[in-house]
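For the sequence shown, position 78 matches number 79 in our numbering, and the numbering has no gaps at all.
These are calculated hints, taken from the structure and not from any lab test.
Predicted model, so just to flag it, every value in this text is computed and none were measured.
Be a bit skeptical, because a hint or two may be false.
Listed below are the simulated DSBU-like cross-link pairs for lysine-lysine, each with C-alpha atoms no more than 35 angstroms apart in a straight line [to be verified]:
no.: 1; residue 1: K37; residue 2: K73
no.: 2; residue 1: K37; residue 2: K53
no.: 3; residue 1: K129; residue 2: K36
no.: 4; residue 1: K217; residue 2: K128
no.: 5; residue 1: K72; residue 2: K102
no.: 6; residue 1: K18; residue 2: K135
no.: 7; residue 1: K195; residue 2: K213
no.: 8; residue 1: K107; residue 2: K195
no.: 9; residue 1: K57; residue 2: K217
no.: 10; residue 1: K73; residue 2: K213
no.: 11; residue 1: K25; residue 2: K53
no.: 12; residue 1: K128; residue 2: K209
no.: 13; residue 1: K129; residue 2: K53
no.: 14; residue 1: K213; residue 2: K102
no.: 15; residue 1: K37; residue 2: K174
no.: 16; residue 1: K129; residue 2: K217
no.: 17; residue 1: K129; residue 2: K83
no.: 18; residue 1: K174; residue 2: K209
no.: 19; residue 1: K129; residue 2: K107
no.: 20; residue 1: K192; residue 2: K83
no.: 21; residue 1: K83; residue 2: K195
no.: 22; residue 1: K83; residue 2: K174
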Amino acid sequence: MIDKENEVVLLFRHGVKHNIPPHKINYRANIYALKKLGVERILAINSVGSLKENLKPGMFFIPNDFIEFTKKREETFYDEGKVVHIDMTEPYCPDLRNVLKSILDKNNFSYGEGVYVCTEGPRFETKKEIEIYKNWGDVVGMTGYPEVVLARELEMCYVSLCNITNYACGISKNILTVDEVLEAIKEMEDKILKVVEEFINYDFGERKCICKDALKHAVIG
Numbered sequence: 002m003i004d005k006e007n008e009v010v011l012l013f014r015h016g017v018k019h020n021i022p023p024h025k026i027n028y029r030a031n032i033y034a035l036k037k038l039g040v041e042r043i044l045a046i047n048s049v050g051s052l053k054e055n056l057k058p059g060m061f062f063i064p065n066d067f068i069e070f071t072k073k074r075e076e077t078f079y080d081e082g083k084v085v086h087i088d089m090t091e092p093y094c095p096d097l098r099n100v101l102k103s104i105l106d107k108n109n110f111s112y113g114e115g116v117y118v119c120t121e122g123p124r125f126e127t128k129k130e131i132e133i134y135k136n137w138g139d140v141v142g143m144t145g146y147p148e149v150v151l152a153r154e155l156e157m158c159y160v161s162l163c164n165i166t167n168y169a170c171g172i173s174k175n176i177l178t179v180d181e182v183l184e185a186i187k188e189m190e191d192k193i194l195k196v197v198e199e200f201i202n203y204d205f206g207e208r209k210c211i212c213k214d215a216l217k218h219a220v221i222g
């Protein structure tokens, strides 16, 4: 969907009917399509589970780093030809992160920041996996990687707005269900739309962040 007035592209990573599981999403094709359409800034919406008791369901979360445990995903545009080592010191656009935080602060929406742990899916994580992940990260999800890297490889700005839908397995004593996740998303829907609307209408101006020149010192040969 393209809004020509605001030059906005809406992409459903799971498909319009939400019938593409996380490990089957063609992340590389999606990011490439956005680049070809002239997109410079990406606001990704990700549902996540909390690894920390203070990050409660119903809160937002803005990642500033990630750890990934995916297995089968196309994760670079540079498998052949040029050798590219893209810098990931700040994987999420710092300028867009500041914009998101200002919008959340303005609306008094509770949020946290920290490390996003990405797993392959489509199954939920085991208790033992979560015991390990909670020492390394703050939230866990299945769709945040490799989008963030692919966007940087194409010198696009990328930021993630995560909605915390549940506590991860073992953090809560309750068994995790899809119904619980869907209900939490529904309850946060109005807040998510409010943030997206204000993000779309934000006066960004010219890009001056690290993302726009990401390839400058990353290419060998």
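Are the Cα atoms of K195 and K213 separated by 35 angstroms or less?
-> Roughly 27 angstroms between the alpha carbons, so the hint for K195 and K213 holds.
Has the given pair, K128 with K209, been kept, meaning a C-alpha gap of at most 35 angstroms?
-> violated, 43 angstroms
Please work out if K213 and K102 have their alpha carbons no farther apart than 35 angstroms.
-> Roughly 21 angstroms between the alpha carbons, so the hint for K213 and K102 holds.
Are the Cα positions of K192 and K83 separated by 35 angstroms at most?
-> violated, 42 angstroms
If you draw a straight line from the CA of K25 to the CA of K53, is it 35 angstroms or shorter?
-> Distance of about 28 angstroms is within 35 angstroms: holds.
Below or equal to 35 angstroms on CA atoms is what counts here, so check K129 against K83.
-> Measuring from Cα to Cα gives roughly 40 angstroms; hence the hint is violated.
K174 paired with K209 [C-alpha distance capped at 35 angstroms] = violated, 46 angstroms
Holds or violated: are the alpha carbons of K37 and K174 at most 35 angstroms from each other?
-> violated, 46 angstroms
When you check the alpha-carbon spacing of K37 and K73, does it fall within 35 angstroms?
-> This hinted pair holds, its Cα atoms lying about 25 angstroms apart.
Pair hint K129 and K53, alpha-carbon separation not exceeding 35 angstroms = holds, 15 angstroms
CA of K129 to CA of K36, is that 35 angstroms or under?
-> Violated - the C-alpha atoms of K36 and K129 are around 39 angstroms apart, more than 35 angstroms.
Satisfaction of hint between K217 and K129, Cα-Cα up to 35 angstroms | violated, 41 angstroms
In the structure shown, a violation is registered for the earlier hints numbered 2, 3, 4, 9, 12, 15, 16, 17, 18, 19, 20, 21 and 22, in ascending order.
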